[in-house]
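Throw the hints in and build the complete structure from the sequences for me.
Chains as they are written, first to last, in the working numbering: chain S, 1 to 315; chain B, 1 to 315.
Source of the hints: derived by calculation from the structure; they are not laboratory data. Cβ coordinates follow ideal geometry from the N, Cα and C atoms, glycine included. Please note: incorrect hints may appear among the correct ones.
As the list claims (entries may be wrong) - Here are the computed distance ranges between Cβ atoms for each label pair: (1) S:Tyr30 to B:Ser140: 26 to 32 Å; (2) B:Glu14 to S:Tyr30: 34 to 40 Å; (3) B:Gln227 to S:Gly36: 42 to 48 Å; (4) B:Glu166 to S:Leu10: 30 to 36 Å; (5) B:Gly33 to S:Glu135: 48 to 54 Å; (6) S:Glu167 to B:Arg290: 48 to 54 Å; (7) S:Thr103 to B:Ala294: 39 to 45 Å.
Unchecked claim - Derived coverage of chain B by chain S (criterion: at least 3 residues anywhere in the stretch with Cβ under 8 Å from a Cβ of chain S; other residues may be distant): (8) 56-67; (9) 178-184; (10) 273-279.
Unchecked claim - In silico DMTMM-like pairs for lysine to aspartate or glutamate, Cα to Cα no more than 25 Å straight-line: (11) B:Lys311 to S:Glu106; (12) B:Lys70 to B:Glu167; (13) S:Lys311 to B:Asp8; (14) S:Lys70 to S:Glu167; (15) B:Lys311 to S:Glu139; (16) B:Lys311 to S:Glu257; (17) S:Lys311 to B:Asp308.
2 protein chains.
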Amino acid sequence: MYIPTFDDVLAAEERIRPFIHRTPVLTSSYLNGLTGAELFFKCENFQKAGAFKVRGASNAVFGLDAETAKKGVATHSSGNHALSLSYAAGRRGIPVTVVMPRTAPEAKKAAVRGYGGVVVECEPSTSSREAVFAEVVAESGADFVHPYNDPRVIAGQATCSRELIEEVDGLDAVVAPIGGGGMISGSCLTISKIAPHTKIYAAEPKNADDACRSFKAGHIIADDAPQTVADGLKVPLKELTWHFVSNHVEDVLLAEEQEIIDAMYLTWQRMKIVMEPSSAVPLATILKNRDLFAGKKVGVIITGGNVDLNKLPWM
Amino acid sequence: MYIPTFDDVLAAEERIRPFIHRTPVLTSSYLNGLTGAELFFKCENFQKAGAFKVRGASNAVFGLDAETAKKGVATHSSGNHALSLSYAAGRRGIPVTVVMPRTAPEAKKAAVRGYGGVVVECEPSTSSREAVFAEVVAESGADFVHPYNDPRVIAGQATCSRELIEEVDGLDAVVAPIGGGGMISGSCLTISKIAPHTKIYAAEPKNADDACRSFKAGHIIADDAPQTVADGLKVPLKELTWHFVSNHVEDVLLAEEQEIIDAMYLTWQRMKIVMEPSSAVPLATILKNRDLFAGKKVGVIITGGNVDLNKLPWM
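Below is the structure:
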């Protein structure tokens, strides 16, 4: 198992620069008042392909040698990694196949196809996803870019926290959602190197609390197909992300479904930005753990904005 | 009738700086591809109180002498001017009364009250609004800050285009929504002075096309209570805004209701920003008049983001 280093992050930064946005950091005096903290929202919902995952995907795709690249890339993903890998492969002009749960939002499937990707559907469980995917790779010989358990992907995601730390001095904490742990691992990789006094909190839906239970147990616990409105956070930790989570994360904080929906609504209403339910989990946990964050400077990663506007969770 | 000058704009800029945001200018490669133009979106949906109207309201409120200010301010408004005047009065610590149509979104009434404003309801027509308002002013002696037919308000709104022109060089055109004409008049005031080669287009719902008919007829035509999803654009031109529209606007472009809703949906989906139906009218007219804008650098004013998230027009 190769553990990516901060040099890999610097290389990723150079490699992906032409293909991604440096996203803005927004603040809200209303939400500062409500939480008692000073919040800095890193808005990856404004990122290319609508999510931070384009960072890791671009790093993987543009790091391939010419011969490997010809056979294309493939992945399985609950959504944003699929869009992102399709976007990156499209920019390089190589084939891309994505295995997606048949229950994934139609908007995400259409967007993958819009970027030139081929969608192969599976059942909405980790086991089905992995079985279908094995067939796809065996047939095409495509390079597998895992959504998070891949050092190239983690080094790419790590560029997000680097931009945040460059923009905001002296953060006491950074809070990011945790599903498979790619964003959190990238944050750990960067922050432990360039801002070692900044604490890293992972925010997770109570309904898909496998990372929290893993964190407490000291080993990976994986659930098959948990149900949560935060559909980007259903997947389990893997060895590589567990390495970062177990070594660098301060705590894993949980939020109930209604708390996630309320935090999402509040952000749309007050900050006027469109973001996914998964992106609302950090704010939900900050609102819930006021004492932990009040008086602190807190970075909050808004991971993506790819939501089905016809099916909003508060409707 | 006092016509505000560019010196008034410079004074407004100084006066309101502590109370407003300098809002970002966003771009979208997707929407550029779709329109063939290079679009620069001035995002007043991120403005304090959620709309550009806080510029004019703050200029009026903070320009009052101490004795006048004591009696407070009052206005009638279909929404955003109400929030904005309440916000500005709250910052100065003076009373504010707002006459609003009883059909205005509950979210807007609640927000006025949240800023400390008193809401007095009227029927949803221009005639009822003006009658109820006359009573309010007679009783309180409050200073009337008209939502748009007021030189202080127009000078304030004019600071928005000034920021846009400062940020983006060489715009061929600026497109802004037109209701009563406050934003358009402010844009005319600034642009005719500092970017005289930039053409100014007003964008109006076909269902409330009184400004377009006025523009063609050469005099003000006012409708009572037109019906459109773009609820900020129902009010008619008045003498002061007519002065700017008749002298400086290149054309008034129209959009159908469904075109406005489609442009709004598209912006939320691709730019990940929350904006009002009124703010979508410029993009709707740009999509409809491709030949007029293709190949051009075009500023687009997104006027506000105060929308009822429980009643989205595409649902």
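For each hint, the structure was consulted:
1. S:Tyr30 to B:Ser140: 26 to 32 Å: The hinted range 26 to 32 Å holds for Tyr30 (chain S) and Ser140 (chain B), with Cβ atoms some 29 Å apart.
2. B:Glu14 to S:Tyr30: 34 to 40 Å: Once the Cβ atoms are compared, 26 Å apart, the range 34 to 40 Å for Tyr30 (chain S) and Glu14 (chain B) is violated.
3. B:Gln227 to S:Gly36: 42 to 48 Å: holds, 44 Å
4. B:Glu166 to S:Leu10: 30 to 36 Å: holds, 35 Å
5. B:Gly33 to S:Glu135: 48 to 54 Å: This hint is violated: roughly 35 Å between Cβ atoms.
6. S:Glu167 to B:Arg290: 48 to 54 Å: violated, 37 Å
7. S:Thr103 to B:Ala294: 39 to 45 Å: With a Cβ separation near 40 Å, Thr103 (chain S) and Ala294 (chain B) satisfy 39 to 45 Å, so the hint holds.
8. 56-67: Coverage by chain S is violated here, the residue count being 0 at a Cβ distance below 8 Å.
9. 178-184: With 0 residues closer than 8 Å to chain S, the segment 178-184 of chain B misses the three-residue bar; violated.
10. 273-279: Holds: 3 residues of the segment 273-279 of chain B have a Cβ under 8 Å from chain S.
11. B:Lys311 to S:Glu106: holds, 22 Å
12. B:Lys70 to B:Glu167: Answer violated: Lys70 (chain B) to Glu167 (chain B) is near 38 Å, above 25 Å.
13. S:Lys311 to B:Asp8: violated, 47 Å
14. S:Lys70 to S:Glu167: violated, 38 Å
15. B:Lys311 to S:Glu139: violated, 48 Å
16. B:Lys311 to S:Glu257: With Cα atoms ~22 Å apart, Lys311 (chain B) and Glu257 (chain S) stay inside 25 Å; holds.
17. S:Lys311 to B:Asp308: holds, 15 Å
Going through the hint list in order, the structure does not satisfy hints 2, 5, 6, 8, 9, 12, 13, 14 and 15.
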